[in-house]
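Heads up: the protein sequence lines correspond to chains A and B, in order.
So that you can map any letter, position 455 of the first sequence is 599 in my numbering, and since no number is skipped, the others follow by simple counting.
So that you can map any letter, position 150 of the second sequence is 236 in my numbering, and since no number is skipped, the others follow by simple counting.
Keep in mind the hints are simulated off the structure, nothing from the lab.
Where a beta carbon is used, it is the ideal one built from N, C-alpha and C, also for glycine.
Hints are not guaranteed to be accurate.
[Unchecked claim] Covered by chain A, according to a simulated footprint, are these stretches of chain B (three or more residues, beta-carbon under 8 Å):
no.: 1; segment: 292-301
no.: 2; segment: 365-371
[Unchecked claim] Computed cross-link-like contacts, SDA-like style, restricted to lysine to any residue with a CA-CA straight-line distance of at most 25 Å:
no.: 3; chain 1: B; residue 1: K385; chain 2: B; residue 2: E369
no.: 4; chain 1: A; residue 1: K425; chain 2: B; residue 2: Q271
no.: 5; chain 1: A; residue 1: K237; chain 2: B; residue 2: K230
no.: 6; chain 1: A; residue 1: K278; chain 2: B; residue 2: N343
no.: 7; chain 1: B; residue 1: K230; chain 2: A; residue 2: R480
no.: 8; chain 1: B; residue 1: K405; chain 2: A; residue 2: I284
no.: 9; chain 1: B; residue 1: K344; chain 2: A; residue 2: P375
no.: 10; chain 1: B; residue 1: K308; chain 2: B; residue 2: E154
no.: 11; chain 1: A; residue 1: K278; chain 2: A; residue 2: W354
no.: 12; chain 1: B; residue 1: K344; chain 2: A; residue 2: K310
no.: 13; chain 1: A; residue 1: K278; chain 2: A; residue 2: P375
no.: 14; chain 1: B; residue 1: K531; chain 2: A; residue 2: W533
no.: 15; chain 1: A; residue 1: K232; chain 2: B; residue 2: A215
no.: 16; chain 1: A; residue 1: K442; chain 2: A; residue 2: S259
no.: 17; chain 1: A; residue 1: K310; chain 2: B; residue 2: G312
no.: 18; chain 1: A; residue 1: K278; chain 2: B; residue 2: K344
no.: 19; chain 1: A; residue 1: K556; chain 2: A; residue 2: P375
no.: 20; chain 1: A; residue 1: K256; chain 2: A; residue 2: K232
no.: 21; chain 1: B; residue 1: K256; chain 2: B; residue 2: K385
no.: 22; chain 1: A; residue 1: K173; chain 2: B; residue 2: E154
no.: 23; chain 1: A; residue 1: K310; chain 2: A; residue 2: V455
no.: 24; chain 1: A; residue 1: K350; chain 2: B; residue 2: P190
no.: 25; chain 1: B; residue 1: K310; chain 2: A; residue 2: E618
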Amino acid sequence: MSLFQKVLSQVSDSSIEWMGFRQVREVTKTYYVRDGLPEANDRNDTHGVMVEVLVNGQFGYAATARLTEEGLHQAIQSAKTQALAASKYSVHKFTSAHRPKITTQYQSTSQKSLSSLSANDLLDEMVKISNKLKISDKIIKTGAFVRTVEMDMHFVSSNGSDASQKFSLITSDFDATAKNGNIVQTRTNSGLRGSSHQGGWEFFLKDDLWNRVNLVAEQAIELAFDSVECPSDTRDLILKPDQMMLQIHESIGHPLELDRILGDERNYAGWSFVNQKDFGKLQYGSPIMNVTFDPTPKTEFASYAFDDTGVPSTREYLIKDGLLVRGLGGVESQLRSKLDGVANMRASSWNRAPIDRMANINLEAGTSSFEDMLSGVQSGVMMESNRSWSIDDFRNKFQFGCEYGKLIENGKLTKTVRNPNYRGITVPFWTNLKKVGNAATMGEYGTPYCGKGEPNQIIRVGHTSPICLFENIEVFGGAE
Amino acid sequence: MSFSFKSYFQKLSSAIFSELQKGEHLFLNLSGDDSQFVRLNSSKVRQSGVVENYFLDFTFVLGEKEGELRKVTAQITLSMNEEHDLASLREWINQFRKELPFVPVDPYAVLPKNKTEASNHESSGKILARDEATEKLIEAWNGKDVAGFYAAGLVVRGMSNSAGLFHWFKGESFSFDFSIYTSSQKALKGGYSGASWNPENYSQIAKDSIQKLEALEKQSIKIKPGDYRVYLAPAALSDVIEQLSYGGLSELAIRQNKSAMRFLRSSEKKLSDQFTLIEDFSEGLVPRFNEEGDLSPEKSVLVQNGELKTTLINSRSAKEFNLIPNGANGEESLRSPVVLPGSLKESEILAKLGTGLYLSNLHYLNWSDEVNGRITGMTRYACFWVENGKIICPIENLRFDETIFDLLGISVVEFTDFDEYSPVTSTYYQRQIGGVRTPGVLLSKMSFTL
Numbered sequence: 145m146s147l148f149q150k151v152l153s154q155v156s157d158s159s160i161e162w163m164g165f166r167q168v169r170e171v172t173k174t175y176y177v178r179d180g181l182p183e184a185n186d187r188n189d190t191h192g193v194m195v196e197v198l199v200n201g202q203f204g205y206a207a208t209a210r211l212t213e214e215g216l217h218q219a220i221q222s223a224k225t226q227a228l229a230a231s232k233y234s235v236h237k238f239t240s241a242h243r244p245k246i247t248t249q250y251q252s253t254s255q256k257s258l259s260s261l262s263a264n265d266l267l268d269e270m271v272k273i274s275n276k277l278k279i280s281d282k283i284i285k286t287g288a289f290v291r292t293v294e295m296d297m298h299f300v301s302s303n304g305s306d307a308s309q310k311f312s313l314i315t316s317d318f319d320a321t322a323k324n325g326n327i328v329q330t331r332t333n334s335g336l337r338g339s340s341h342q343g344g345w346e347f348f349l350k351d352d353l354w355n356r357v358n359l360v361a362e363q364a365i366e367l368a369f370d371s372v373e374c375p376s377d378t379r380d381l382i383l384k385p386d387q388m389m390l391q392i393h394e395s396i397g398h399p400l401e402l403d404r405i406l407g408d409e410r411n412y413a414g415w416s417f418v419n420q421k422d423f424g425k426l427q428y429g430s431p432i433m434n435v436t437f438d439p440t441p442k443t444e445f446a447s448y449a450f451d452d453t454g455v456p457s458t459r460e461y462l463i464k465d466g467l468l469v470r471g472l473g474g475v476e477s478q479l480r481s482k483l484d485g486v487a488n489m490r491a492s493s494w495n496r497a498p499i500d501r502m503a504n505i506n507l508e509a510g511t512s513s514f515e516d517m518l519s520g521v522q523s524g525v526m527m528e529s530n531r532s533w534s535i536d537d538f539r540n541k542f543q544f545g546c547e548y549g550k551l552i553e554n555g556k557l558t559k560t561v562r563n564p565n566y567r568g569i570t571v572p573f574w575t576n577l578k579k580v581g582n583a584a585t586m587g588e589y590g591t592p593y594c595g596k597g598e599p600n601q602i603i604r605v606g607h608t609s610p611i612c613l614f615e616n617i618e619v620f621g622g623a624e
Numbered sequence: 087m088s089f090s091f092k093s094y095f096q097k098l099s100s101a102i103f104s105e106l107q108k109g110e111h112l113f114l115n116l117s118g119d120d121s122q123f124v125r126l127n128s129s130k131v132r133q134s135g136v137v138e139n140y141f142l143d144f145t146f147v148l149g150e151k152e153g154e155l156r157k158v159t160a161q162i163t164l165s166m167n168e169e170h171d172l173a174s175l176r177e178w179i180n181q182f183r184k185e186l187p188f189v190p191v192d193p194y195a196v197l198p199k200n201k202t203e204a205s206n207h208e209s210s211g212k213i214l215a216r217d218e219a220t221e222k223l224i225e226a227w228n229g230k231d232v233a234g235f236y237a238a239g240l241v242v243r244g245m246s247n248s249a250g251l252f253h254w255f256k257g258e259s260f261s262f263d264f265s266i267y268t269s270s271q272k273a274l275k276g277g278y279s280g281a282s283w284n285p286e287n288y289s290q291i292a293k294d295s296i297q298k299l300e301a302l303e304k305q306s307i308k309i310k311p312g313d314y315r316v317y318l319a320p321a322a323l324s325d326v327i328e329q330l331s332y333g334g335l336s337e338l339a340i341r342q343n344k345s346a347m348r349f350l351r352s353s354e355k356k357l358s359d360q361f362t363l364i365e366d367f368s369e370g371l372v373p374r375f376n377e378e379g380d381l382s383p384e385k386s387v388l389v390q391n392g393e394l395k396t397t398l399i400n401s402r403s404a405k406e407f408n409l410i411p412n413g414a415n416g417e418e419s420l421r422s423p424v425v426l427p428g429s430l431k432e433s434e435i436l437a438k439l440g441t442g443l444y445l446s447n448l449h450y451l452n453w454s455d456e457v458n459g460r461i462t463g464m465t466r467y468a469c470f471w472v473e474n475g476k477i478i479c480p481i482e483n484l485r486f487d488e489t490i491f492d493l494l495g496i497s498v499v500e501f502t503d504f505d506e507y508s509p510v511t512s513t514y515y516q517r518q519i520g521g522v523r524t525p526g527v528l529l530s531k532m533s534f535t536l
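Bound-form chain A, shown alone (with noise of 0.2 Å):
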């Protein structure tokens, strides 16, 4: 019998409704080597149980490390305390069915296992990754970056739920500075951490790195000593799938949280233009925007076959022919607004209680090919990797800056664009959605860093996303 079974066992209390364990252990190596040097060799170790009661209609929670009988018993009337205080004034009652019993295991599948691999042979590959994208005097500065965590979930309830989950992910990036005077630009491999998956070594030893090494340094040097600052006017916009991720991350999936809409975020990052209104009604954009709350696909960074509540997860529309049909709402947050939502319910780790996230949230491919999209443009602006974002608190004013950009004129990528920036309105924005890219043209991103919540927490997502054209964008440079 399991510490937890044994605990569960032992308690007789009947005023608590249901009561359930969430054990994480979370192992967490990252690297950085900086200028050929090593800068961060780095381990995180965390292990710990959620405790959650429910008493009167209302959870309470209680997070601890102490991992023994006495340690859970104490957690259980923490939980139970806080609870029974809160019940009072609960914004919501709840049920047991709000925690449904949940037996499924998980494990993430990776081609090279993270175990494959030694600290000292990743280090000998980062620097060399380092030497080799000083290509140039005019590079000040390389670094490259890894993070694996190997993470393992436990969930053990009152009603009969005995789940697990085992996650294997990895984020890398590399990075090159040039300088030109007073000139001076970054290029990374997919904007801030964008390369990150579920799986092994498979997604940083690729067949291309090399050659990504030195397209990375390439493009620095050429954004710092041959390239236009980025024209101020309105023009059309094609992004590609490494900005198009935050894009996304920002403007669709925060504003369809169904808690943001419900206002339990709105001391903190905000609330939403979106209301529990809208859904069925709202053309959210372009009739060619489909877009998908989706954890089913093996390598993309938030996958999972089930939330932090023991709800299964499955892939559902959330905009279907542009028009808005599904909010981001757990179990909890569909029963107070009243609304279908998606199984996505998680916490951080085990120190922080479950509350509404993204997990992949996806624009379908669509029916043009990279080059059909071009040559569609007279006069506009191609831009990748994202490096500056910033969204009001109802998630409409956005202003994008990525890293690198094209000229396009007369249907042809022409002057290497430096700074370049765009902004806009979300619906709006989405509505000049013209073409969307064919399935060539999609790229797998994701981020380790979406934050939101009180206590605040810092939760991985996935998107994937095809290379986009958008018409009548305001863009804009830096500030040299």
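Please arrange chain B on chain A, whose structure you already have, making use of the hints.
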């Protein structure tokens, strides 16, 4: 007898230091909190719970001479059971003993030293009982629409190294960060924080906030993008200073040309001669010691009258660039920033603003061109259109995009003669401590783009 975290950390430190072999060195850093968290929406409880989490960060260094050291850093979660925690620590260290001889030398790693005085700060507070907090938080608002977050309890920070240095910081505190809403979803931001909960003070804050909300009941107007004269209240200016914290005054960031403060160093640009920024630990709200046990000066002037006086230099940057470290942390970020006040009296703010925007809070700041110092962000909460020295009505949120050389430079008219402390309420990974002390500032121009 209650559990002594300090004794526990001392015992853990002594035990593991005694097991070190020749050429092995350790830095230990304890951090964590035992907190109650209550999240409110519409003056009801959305989530409520307690979290007890303590983490031990350690740096294991191998070698005898700086310049030839190998090192690894790690963090484990403490169960507060000595036997268990020592076993976890030993397991990782044994693994590092096998691994470290083969990893590349880190030329900028340092050996532990015992050259500073040990520090010891312990303060107790008077916070709400955990079974009473929810009721006391909610009842003061008389059913008004309040969303908020209460975090309260113990926070500890400790540092020790195998050369015998020991620093300790422990305090009890609370913060209630809230926003109160009109029926048309306009909001006022507020907060109550400290070490001793005073029910009268809390009740007064609630009453004042409810009263101030009336100003937001008027219909908001939409302001066209463009340049406007602006008053930034202390909370809004603190967001700008926090943005500077991320790499702005870091020695490494300046050397790498990542920070726009490079232009201050080269004297190509300057900030307002009214702007002085110091790191000030004299209030004792955050520890002066860093991860390696170095103590920051109690006060150090970073920017004086618009000119860069010093930067944040940690031991790593000091080694790399042959400088003297000044106790900066690993990220070389601001830990206790204070902007010195000016002469603008509170009663004169509206009259001197004349016609323009009164901004109480900003939101979601980010560098839009970091190397050139341009920041974008939004207005949020209680922000108003002012005409001829009178508040006319609230505004719809606006986006700005402006360089620090404007915001803290040529656009500065005057700083207020009062300041406010904006406490850090962040709880990413664990409860954070500290805050930013700033005055308000009157600006001749701020550029709004959307």
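(request) For the pair we were handed, K278(A) and K344(B), check the Cα-Cα distance against 25 Å. (result) 17 Å, holds
(request) With a cut-off of 25 Å on the C-alpha distance, tell me whether K256(A) and K232(A) pass. (result) Roughly 53 Å separates the two Cα atoms, so the pair is violated.
(message) Is the coverage entry for the segment 365-371 of chain B by chain A consistent with the three-residue Cβ rule at 8 Å?
(response) That given contact is violated, which follows from only 0 residues of the segment 365-371 of chain B lying within Cβ reach (below 8 Å) of chain A.
(request) Please work out if K237(A) and K230(B) have their alpha carbons no farther apart than 25 Å. (result) 21 Å, holds
(message) Check the hint pairing K556(A) with P375(A) against an upper bound of 25 Å on the C-alpha distance.
(response) 17 Å, holds
(request) With a cut-off of 25 Å on the C-alpha distance, tell me whether K310(A) and V455(A) pass. (result) 17 Å, holds
(message) Holds or violated: K405(B) and I284(A), Cα atoms, limit 25 Å.
(response) 19 Å, holds
(request) Verify the proposed pairing of K425(A) with Q271(B), using a straight-line Cα cut of 25 Å. (result) Roughly 22 Å between the alpha carbons, so the hint for K425(A) and Q271(B) holds.
(message) For K232(A) and A215(B), compute the direct alpha-carbon distance and say whether it is at most 25 Å.
(response) It holds: about 17 Å lies between the C-alpha atoms, which stays within 25 Å.
(request) Please work out if K256(B) and K385(B) have their alpha carbons no farther apart than 25 Å. (result) Distance ~21 Å between K256(B) and K385(B) Cα, so the pair holds.
(request) Verify the proposed pairing of K344(B) with K310(A), using a straight-line Cα cut of 25 Å. (result) 38 Å, violated
(message) What's the verdict on K278(A) and W354(A), does the C-alpha distance respect the 25 Å limit or exceed it?
(response) With Cα atoms ~13 Å apart, K278(A) and W354(A) stay inside 25 Å; holds.
Of the numbered hints listed earlier, those contradicted by the structure are 1, 2, 10, 12, 13, 17 and 20.
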